[in-house]
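Visitor: Sequential numbering from 50 applies to the sequence shown in my numbering.
Errors might be hidden in some of the hints.
To be verified - Only pairs whose alpha carbons sit at most 30 Å apart, straight line, appear in this in silico DSSO-like list of lysine-lysine:
#1 K118 x K165
#2 K293 x K219
#3 K118 x K293
#4 K219 x K165
#5 K51 x K118
#6 K219 x K248
#7 K165 x K248
#8 K219 x K118
#9 K245 x K219
#10 K245 x K118
#11 K248 x K293
#12 K51 x K219
#13 K293 x K51
#14 K51 x K245
No lab work stands behind these hints: they were computed from the structure.
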Amino acid sequence: MKTLVIAEIRGNENAVNSLREIVPNEQVEAIFCLGSILGGGARISRWRELQDGGRPPTYPDPVVQEQEKHDVRFLELFFDTLAELGVPCYHVPGWYDAPARLYWQSAVNHEVVAGKVQGVHLAPAFYTSEWVVAGFGGRIVERENHEDYFVVEHPAWEAEFGLNFLRRFKQRRILLFHETGLPHEAMHRVIDHLIKEYKPDFAFVTSPDGRIEDRRIGRTLVVTPGRLAEGSYAVVDLRQETVKAVWTGR
50 MKTLVIAEIR GNENAVNSLR EIVPNEQVEA IFCLGSILGG GARISRWREL
100 QDGGRPPTYP DPVVQEQEKH DVRFLELFFD TLAELGVPCY HVPGWYDAPA
150 RLYWQSAVNH EVVAGKVQGV HLAPAFYTSE WVVAGFGGRI VERENHEDYF
200 VVEHPAWEAE FGLNFLRRFK QRRILLFHET GLPHEAMHRV IDHLIKEYKP
250 DFAFVTSPDG RIEDRRIGRT LVVTPGRLAE GSYAVVDLRQ ETVKAVWTGR
């Protein structure tokens, strides 16, 4: 039962189009997407400028408004492509996928029309009768901050308590996470705690530095797929519990 794990398209249209080749060539039966579909651009620069200057953000912001039309078009391209691939897809938003309302408007529209494209941020979905898939999107931060206009950030406690619904399910678990914005080793502490708490069979998570790796936390196989924008992805066999890391050098 081979599945495709992808993350961080970063507004790269070639990366989206590459899925039309990857899915049939790798013969995958499902896709798990860990977010950062959008590239951010001027919106991210504006957020960093405000943070560095210690200034509070204003809503709405003209920089964000200027970029919205482009971001909506790219989200439509991405979700249209997923819908056309004909395999189930489960996704969470990433740090770049703001304003979150644009992401979810496009995602929900495609879920209603296509059915096989399902958002699992703080929500369960089923992959066959054997698996329950859930996740927590955006950047997990240690400070008490919730932001979904310039970037998508949530405090760590939201992830810990928001996934409690998983305890109701007897199916095997797959968890999707974006990342923490902390250095890789510090990120492990946050993500590892959530994995130990909910004990999924598989956990798919991005890394701030874009690395590709797989490791074990107890019985959980943790896979970091790299950035699809740079030609990296992972093929995970849920039956054999094997990982094939791919870098095409795009």
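Visitor: Now look at each hint and say whether the structure bears it out.
Guide: Do the hints match the structure? See the list:
no. : hint        : result
1   : K118 x K165 : 26 Å, holds
2   : K293 x K219 : 28 Å, holds
3   : K118 x K293 : 37 Å, violated
4   : K219 x K165 : 22 Å, holds
5   : K51 x K118  : 36 Å, violated
6   : K219 x K248 : 12 Å, holds
7   : K165 x K248 : 26 Å, holds
8   : K219 x K118 : 42 Å, violated
9   : K245 x K219 : 17 Å, holds
10  : K245 x K118 : 41 Å, violated
11  : K248 x K293 : 22 Å, holds
12  : K51 x K219  : 22 Å, holds
13  : K293 x K51  : 10 Å, holds
14  : K51 x K245  : 25 Å, holds
When each numbered hint is compared with the structure, violations occur for hints 3, 5, 8, 10.
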